[in-house]
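Heads up: the sequence shown begins at 1 in this note's numbering, then just goes up one per residue.
In short, the hints are calculated from the structure, not lab data. Incorrect hints may have been included.
[Said to hold, decoys possible] Think about it this way: if two alpha-carbon atoms lie no more than 27 Å apart in a straight line, the pair counts; the simulated BS3-like pairs of lysine-lysine are:
hint, residue 1, residue 2
1, Lys207, Lys144
2, Lys538, Lys510
3, Lys204, Lys144
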Amino acid sequence: MAVTNANSGTGGAQQMLGQLGGMTLPFGILAVVAMMVLPLPVALLDIFFVFNILLALLVLMVSLHSYRPMDFSSFPSVLLIATVLRLALNVASTRIVLTEGHNGAGAAGKVIEAFGNFVIGGNFAVGIVVFAILMIINLVVITKGAGRVSEVSARFTLDALPGKQMAIDADLNAGILTNDEARDRRAEVASEADFYGAMDGASKFVKGDAVAGILILAANILGGIVIGVAQYGMAVGAATEAYVLLSIGDGLVAQIPSLLLSIATAIIVTRVSSTQDMAAHIGEQMNISRAWIPVAAVMAILGLVPGMPNLIFLLAAAAAAGAAYFSKVRDERQAETAEVEEQQAQQKQKEEADKPSATITADDITDYAPVSIQIGYGLIPLIDGGEASPLVSSVTGVRRDASRAMGFVVPGVRIRDDLNLEANQYRLRIGQAIVGEDAVYPDRKLALPGGMSRRKLKGIECTDPSFGMDAVWIQPHQQAEAEADDYVVVEPEAVIATHLSQLLYSHADKLIGPDDVQTLLNILEQTSPTLVDTVVPKLVPLHVLTSVLRFLLMERIPVGDLRRILEGMADISALGLAPMDMAERLRPSLVPQMLQQIVPLSQPLPLITLSPDLEQMLVRSIPQGGTALMLDNALAEKIVNGLTEIGEQLTGEGRHPIIIVATGLRRALAGFIRMHGLDTVVLGLDELPEGRRIEVVSTIGGHDAVPNMDQ
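Start from the sequences, fold in the hints, and give me the full structure.
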């Protein structure tokens with residue numbers, strides 16, 4: 001109990017300190033505003049002047065020691081507060097200078113008196129010149145340059161924002177980044193844009209502060225002379241000397257912190273992100289022996305010229321030669337260190353390679369990526385350049401198109417090299433299962449023959465992994481020749497991406513899970529909250545809904561219209577159907593969406609039919625209560641060969657094969673076709689959309705396939 005009380009007391013103290021810290025800034029800003037209105041004692045004015053100089057020095061030092069601009073992201077706010085504080089001090093000091101200036105140089109406080117006497121030697125003419133030079137340096141050089149850099153940085157940062165966000169999405173899709181890392185990167189990019197936008201505005205504070213300093217100085221001088229002569233009966237010369245000295249001292253006290261903040265602003269906006277502070281960054285890049293040696297030689301030559309201050313130049317030459325020597329020694333040490341580290345790294349790699357198999361960890365054998373592409377070392381050029389690489393860009397496009405077509409977000413695709421593969425080999429995996437593999441050649445292009453192709457091209461003959469067509473890998477200079485002979489020439493990354501696209505559609509049911517379904521429900525709930533609340537989970541549990549969607553995706557039925565799916569499931573939920581049967585009941589209302597994706601509305605549906613005898617034979621081959629066809633090998637082979645021949649013919653014409661059968665036969669025949677790896681859509685008679693034109697392109701009989709292209 002005692003420990004609990006102690007912890008509670010510590011937590012309460014920390015909470016109280018946090019509240020006090022949060023209250024300090026608002027009260028401080030209110031105090032600064034009050035300084036502009038209420039008279040301020042001279043002693044308190046001196047304290048605020050010293051604090052103003054301290055704050056400016058602190059901001060400058062933090063700017064120098066920041067590794068990158070975003071390390072001091074609060075700089076625009078600090079700059080605004082410091083500027084307002086300095087202007088408030090100007091107003092307070094102006095009030096004291098004009099009311100007490102006739103009493104002498106010490107009337108406005110010790111700080112102003114010290115700057116008036118020590119910095120400018122009590123000579124108001126010198127003070128005016130010094131103040132003018134400071135203002136020229138601050139306003140014309142530092143402030144103007146920093147403002148221009150801020151404008152350009154803000155514009156370039158905002159212009160680059162969409163590209164950076166797309167790069168993050170591409171890295172996420174490729175599996176280079178995790179979801180948390182991508183979220184952090186997006187937040188960092190947004191913060192960077194906000195920072196440079198704020199710095200563009202903050203630079204205007206600095207410029208306005210410099211202009212205000214000039215106007216306040218002029219007002220103090222003119223107002224002081226008028227007040228001294230008119231109210232206190234001072235001579236014009238005495239009034240001029242007294243009030244000019246006080247005004248110059250006041251101006252210098254304010255402008256020196258302003259100059260420091262202007263330098264800090266320029267440092268922040270010109271800072272390049274690195275792992276070092278500014279001093280180390282500049283020192284490392286300028287400490288080059290090849291640069292110091294000619295500098296030492298030139299300084300030595302100038303030191304030998306008659307009439308020159310020879311000793312100073314020779315000392316400078318000696319210093320430059322010493323810097324060249326030490327920088328050369330440092331370079332040699334760094335080279336030796338790098339060589340030793342490289343040898344150690346090679347030795348470590350050798351030791352790790354010689355380690356027994358007992359040292360293998362779970363991380364070496366575990367990969368939870370939903371979709372991954374493994375590539376041989378010869379295909380690494382396809383992913384060089386990160387998100388801008390050809391393969392990553394193609395995969396991102398495939399994933400986007402597949403997500404739109406199937407109605408849910410396809411998981412990110414991880415691309416990684418695998419030394420166990422051959423140089424030009426790639427492998428596609430869904431989870432841990434290998435679903436496809438082939439070889440591509442990054443220095444060649446794949447040529448697919450068209451219907452009018454007559455010439456045989458020289459190259460590496462192969463079979464296209466996506467459509468099973470005979471193809472050839474040709475050299476880039478053969479592309480014009482191939483295209484002239486009706487070949488379709490495809491880039492190597494497009495071959496992998498097309499293969500991936502085909503497999504994503506055929507394995508879509510393995511890519512969606514309860515979390516993905518819940519995401520779709522959350523989106524639908526924004527527009528149809530009552531429907532979602534009524535159906536899930538009251539009528540249909542989440543796992544049942546997930547199973548139904550998987551059965552639909554298994555046959556390329558998109559699940560994007562979740563509202564219609566839930567309405568249909570609400571109607572049949574009381575029948576006690578299994579998820580597969582529920583999916584079959586929902587198909588007629590969802591099939592038109594799938595057909596719109598594979599056959600444009602302006603074209604007729606290319607239908608394949610079965611002869612009546614074959615259809616009856618297939619119906620009788622379904623066991624009682626079963627959902628699979630029981631066929632002898634000869635008949636099954638003839639059906640597969642017929643569908644393959646017709647499918648290749650339609651694919652060559654750019655059309656997708658669709659077979660239509662009796663409703664009771666549809667599910668069994670679809671399972672048979674999937675088992676043999678055919679990409680043919682199977683429709684029941686009750687699923688044929690009304691209003692769509694049809695074209696029976698072929699009829700499959702019991703013993704052969706009879707083309708029927710004239711119907």
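For each hint, the structure was consulted:
no.	hint	result
1	Lys207 <-> Lys144	holds (7 Å)
2	Lys538 <-> Lys510	holds (26 Å)
3	Lys204 <-> Lys144	holds (9 Å)
Every hint, counting from the list given before, is met by this structure.
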